[in-house]
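Number of protein chains: 2
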Amino acid sequence: MTTQEALKIYRDHIARMKALNHAMGILSYDGATTAPVESAEGRGKTLAYLSNCAYEIETAPALMEAAQFLKDHSQELNPQDRREIELFLRENEYTASIPQEEFVAYVELLNKADAVWHKAKQDSDFASFAPIVKDIFETNVRFAKYYKPGQAPYDTQLSRYERGLTMEKTDAFFNALKERIVPLLKKVMAKPQVDDSFIWGKLYPTEAQRKFSDYLMDVITINKDRCSIGETEHPFTTFFNKKDVRITTHYHEETPIYSMYSVIHEGGHALYELHSADELEGTLLSGGVSMSIHESQSRFMENYIGRSREFIGLIFPKMQELFPEQLAGVTPEQMYLAVNKAEPSLIRTEADELTYALHVLVRYEIEKSLFDGSISVEELPAVWNAKYKEYLGIEVPDDKRGVLQDSHWSGGNVGYFPSYALGSAYGAQMLAKMRQSVDVEGAIRSGDLRPITGWLEEHIWKFGCLYDPMELLERALGEPFNPRYFTDYLEEKFTAIYGL
Amino acid sequence: MTTQEALKIYRDHIARMKALNHAMGILSYDGATTAPVESAEGRGKTLAYLSNCAYEIETAPALMEAAQFLKDHSQELNPQDRREIELFLRENEYTASIPQEEFVAYVELLNKADAVWHKAKQDSDFASFAPIVKDIFETNVRFAKYYKPGQAPYDTQLSRYERGLTMEKTDAFFNALKERIVPLLKKVMAKPQVDDSFIWGKLYPTEAQRKFSDYLMDVITINKDRCSIGETEHPFTTFFNKKDVRITTHYHEETPIYSMYSVIHEGGHALYELHSADELEGTLLSGGVSMSIHESQSRFMENYIGRSREFIGLIFPKMQELFPEQLAGVTPEQMYLAVNKAEPSLIRTEADELTYALHVLVRYEIEKSLFDGSISVEELPAVWNAKYKEYLGIEVPDDKRGVLQDSHWSGGNVGYFPSYALGSAYGAQMLAKMRQSVDVEGAIRSGDLRPITGWLEEHIWKFGCLYDPMELLERALGEPFNPRYFTDYLEEKFTAIYGL
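These protein sequence lines are chains A and B, in that order.
First residue of the first sequence: 0, per numbering that gives the first Met the number 0; consecutive thereafter.
First residue of the second sequence: 0, per numbering that gives the first Met the number 0; consecutive thereafter.
By construction, these hints were calculated from the structure, which means they are not laboratory data.
Hints may contain errors.
Identical chains blur together in the list; that is why a pair holds if it fits in one copy or across any two.
Result set (DSS-like, lysine-lysine): computed pairs, CA atoms no more than 27 Å apart in a straight line [as the list claims (entries may be wrong)]: (1) K144 with K111; (2) K242 with K118; (3) K168 with K317; (4) K461 with K186; (5) K210 with K190; (6) K168 with K223.
It should be emphasised that the depicted structure is a prediction, and the values quoted were computed from it without experimental measurement.
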C-alpha cells in the first residue's frame with residue numbers, strides 16, 4: 000500500500016460515514032421540527048439501521064488498516080492530513096471499545112428516550128422518566144469504563160466533550176465562580192429590582208417574532224442561504240456541512256425575549272460552523288472543535304454582544320417597528336436593563352448571565368454524584384431541589400420546572416453541562432483580548448458586526464478542529480485560560496446596573 | 000435453503016431497502032420544505048451514496064436467489080407473502096430487462112433533464128428542451144420493447160402505471176368523456192359566469208390560512224399525530240410508513256382557495272397511506288397500489304366531498320371566523336358557486352373539475368402519437384396549441400403556459416397522465432356505490448365524515464397493494480369500471496350550477 004492508496008481508502012470511508020451521519024442528522028432534525036408524533040417508531044428503526052451501517056464503516060478493517068498505515072507514515076502527510084488521522088484514530092478508539100450491539104442498543108434507547116422525556120416533562124412525572132435516565136447514565140458509565148478502564152468514568156466523560164478536562168479542574172473552576180458569584184448575587188438581591196414588566200404579559204404574536212428572528216440573523220451576519228431556522232420545543236443548532244446549518248427557536252407569545260436570545264445564542268453556534276476554512280470541508284476537521292468552544296461562541300453572541308447596551312440600541316427601532324403597541328413608551332435604556340435583570344430563577348435556559356453558572360453547577364454536581372454512585376436516580380428530584388435552594392435560594396415547585404427541564408440527559412449528553420459555564424468564561428476572556436484590536440462597542444453601534452465576527456473567524460472559527468480546544472484557546476488568547484475575566488466582567492456589569 | 004430461511008433473507012433485504020428509502024425520502028422532503036438554498040450540493044452527494052446502497056441491496060444475488068426460491072415454493076407461502084414476492088419479482092423483471100449501461104445513461108439523462116426543463120420553461124423556449132424530450136421518449140419506447148417485445152410500447156408504458164391499462168381502454172374512456180364534456184362545457188360557457196371575485200384579491204394572511212389547514216385536516220379525519228403539514232412551492236404528499244405521512248401546501252395570500260383544495264387533495268392521498276392494514280406494514284404491500292387509485296382518493300376528497308354544497312356549508316362558519324372582514328356579507332351558497340366555477344384555462348394544475356380531464360386528454364393523445372411516430376417532437380408545440388383550441392377553445396400564448404408547463408416528461412413520467420383523469424372517474428363511481436349504504440350528504444352535514452372514510456377504508460385503503468388496481472376497483476364497485484358515472488355527475492352538477 001502507498002500513502003496515496005491509503006489516503007484514498009481513508010477518504011472514501013469518511014465520505015460514506017459523513018453521508019450516513021448527514022442522513023441521520025436530517026432524520027433527527029425532522030423528528031424534532033416537523034415530523035408527526037407517532038413517527039418516532041419508524042424513525043427509530045431507520046436510525047438503528049443507518050447507525051449500524053456507520054459503525055460498520057467506521058470499524059471496517061480496510062479503514063483501520065489504512066488509518067494505521069497513515070499514522071505509521073505520518074511524516075509523509077501534510078499537517079492537516081496528519082491531524083485528521085490522529086483525530087480519527089482517537090475517536091475510533093472510543094467507538095471500537097464499545098461492543099457493536101451495545102452501541103446500536105444505545106442509539107435505540109436515545110431515540111425512545113426523547114418521547115418519554117417529553118411526556119414526563121409535560122406531566123411533571125419524574126417516575127416515568129427515571130428508568131430511562133438510569134439506563135442512560137449506566138450505559139455512559141459502562142462505555143466510559145470500556146474506553147478508559149483505569150480512569151474515573153466521569154473524568155473520561157468530561158474529557159470526551161472537552162479534551163483534558165477533569166473533575167479536579169472543573170471543581171477548581173466552579174469554586175472560583177462560586178466564590179465571586181454567590182456573594183455578588185446576594186448584593187444584587189438586596190437592591191431594588193429593575194423593571195422588566197413591559198417585556199412580559201402582553202401578546203407578542205409568533206408571526207411578528209418570526210420576522211424579528213430573520214432580522215436578528217441578518218444583524219449577526221448569518222448567511223440565510225446556508226442556514227435556516229426551525230421551531231422546536233427546545234432551541235438547538237445542528238449542521239451537516241458548512242453550507243447547511245440549522246438553528247431552531249421556540250416562540251412564546253408572552254415575550255419576545257426568549258426567542259430573541261435563543262436565535263442569537265444558536266446563531267453564535269451556527270456562525271462557528273459556517274466559517275470553517277474551505278480546505279477543511281469534507282474532512283473530520285470541519286466544524287467546531289469542542290462543546291465548550293462552541294458554547295463560548297454562542298454565549299459570546301448572546302451575552303457579550305446581544306446583552307450589551309450598544310446592541311439593544313442598535314435593534315430597538317426594529318423591535319418597536321414590529322411591536323409598536325407592546326413597546327409604546329419604552330426606551331432603549333429600559334430595554335437594556337430589562338434584558339439584564341438578574342434574579343434567581345427555576346429554568347436554566349431562561350436564566351440571566353449572572354445566575355446562569357449556578358444552574359450549571361447544580362447539574363455538574365449531580366452528574367458527578369450519579370457517576371460515583373453517591374446518589375441514585377431515585378433521589379434526583381430531592382437532590383436537585385436541595386441544591387437550587389442552597390445556591391439560588393429558591394424552592395422548586397415541581398419536576399417539570401426542576402429536574403425534568405433539560406433535554407440533555409434524554410439526548411445522552413451526559414458530562415456536557417460544564418461546557419456552558421466554561422464557554423461563558425472563555426468568551427469573557429476572548430472579549431478582553433478582542434478589545435485590544437477591535438472597537439467592539441463601535442462596531443455594534445454602527446450595525447456592521449464584521450470587525451467582531453472577523454476577529455472570531457480569524458482566531459477561532461476558521462481553524463475547525465485543527466487544534467485541541469486548550470491549544471486553540473491559548474493561541475487566540477495569547478495566555479492560558481483564566482476564569483477571572485469572567486468574574487470581573489460580571490462584577491463590573493452588575494455593579495453598574497444595580498448600583499452596588 | 001428452507002422457505003423460512005429464504006423469507007428471512009428476503010425480509011432482511013426489504014427492511015434495509017425501506018430504511019434507505021426512508022432516509023432518502025426525508026432528505027428530499029427536508030430539501031423541499033426547510034433546507035437552506037445552498038444545501039443542495041451536500042444533499043445531492045448523500046442521496047447519490049444512499050441510492051447506490053439501495054441499488055446494491057435491491058440487486059444483491061442473495062436477495063434474487065431467495066425471491067426466486069420463494070416463487071418456486073409459492074405453494075408453501077401464505078397468500079400475502081405470495082403476493083408480495085410476485086410484486087417484487089414483477090418490478091425486478093422490468094429493471095432486469097434493460098441493459099445496465101442503458102439504464103445508467105437514462106438516469107443521467109433524467110438528472111440533466113430537470114434543469115434543462117426548468118430553464119426552458121422559464122424562458123418559454125421549447126427548442127432547447129426538444130432534444131432532451133426526444134431522447135426521453137425514444138428511450139422509453141426502447142425500454143418498453145425490451146420489457147415486452149411483442150406488445151405496442153405505449154400499452155406497455157400505460158400498464159406500468161396502471162396494470163392492465165391499454166390504449167384501447169384509454170381511448171374508449173376519453174371518447175366517452177369527450178362526447179359528454181365538450182358539449183357540456185360549450186353550454187356552460189354560453190351562460191353568465193358565476194361570481195368568484197370575493198375569493199380573490201383581498202389579503203388572506205398565511206397565519207390564518209395555517210389555522211384553516213389544521214381545521215380542514217381535522218374535518219377530513221386526518222390523525223395529525225401521524226401526518227404533518229409543510230409548505231413547499233408545489234403541494235405534494237410523501238409517506239414513510241403508516242404512522243408517518245407528510246402533506247404540503249402553498250399559501251397564496253391573495254386567496255384561501257388554492258391552499259384549501261391543496262390540503263384536501265393531498266389529505267385524500269394521506270388518508271389512503273394512513274389506513275393500510277396493520278399486517279401489511281413493513282412489507283412492499285403497504286400503501287397505495289397505483290397512481291390512478293391514489294388520484295381517485297385525492298380527487299374524491301377534493302371534489303366529491305370538498306366541492307359539495309354540504310361541505311361548504313359545514314366549513315363556512317370557520318372560514319368566516321378566520322377571515323371575518325374578507326368574507327363579510329358572503330353566503331355559503333355564493334362560496335359553493337365560487338369554488339365550482341368552470342372555465343377553460345391554460346394550466347392543468349389550476350383547472351376546475353369540469354375542464355380538468357380535457358387537459359389530460361391533450362397530453363394522452365400527444366404521448367400516444369409520439370410513441371407510434373405519427374407526430375415528431377418538433378411538432379409538439381403546434382399540436383399542443385391546436386388541441387387546446389379544439390377541446391378547450393382557447394389560444395395558448397406561449398410554450399411556458401403550454402407544452403412546457405408540466406414536469407412529468409423531464410422526470411421520465413411518460414404514460415402517467417391518464418391516471419389523473421381515470422382517478423376522477425373511479426372516484427365518481429365509488430361515490431355512486433357508497434351512496435347505496437352511506438348517507439353521504441348527511442354525514443358531511445353532521446361534520447362527522449367517518450361513515451364516508453370508513454367506507455373508503457373498508458373497500459380501498461386497507462387493502463394496500465394486495466390486489467392489482469382493476470381487481471381492487473371491481474371488488475369495491477361490484478361491477479366493472481364505467482366512465483358514465485363521472486360524466487353523469489358532471490352533467491348533473493354543472494347543469495344545476497349554471498341553470499342549463
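Here's how the hints hold up against the structure:
1. K144 with K111: within (24 Å within a copy, 50 Å between copies)
2. K242 with K118: Only across copies: K242 and K118 sit 19 Å apart there, 34 Å inside one copy, limit 27 Å.
3. K168 with K317: Neither: 43 Å inside a chain and 61 Å across chains, both beyond 27 Å.
4. K461 with K186: neither (41 Å within a copy, 69 Å between copies)
5. K210 with K190: neither (36 Å within a copy, 46 Å between copies)
6. K168 with K223: Neither: 39 Å inside a copy, 49 Å across copies.
In summary, the structure is inconsistent with hints 3, 4, 5, 6 from the numbered list given earlier, while agreeing with the others.
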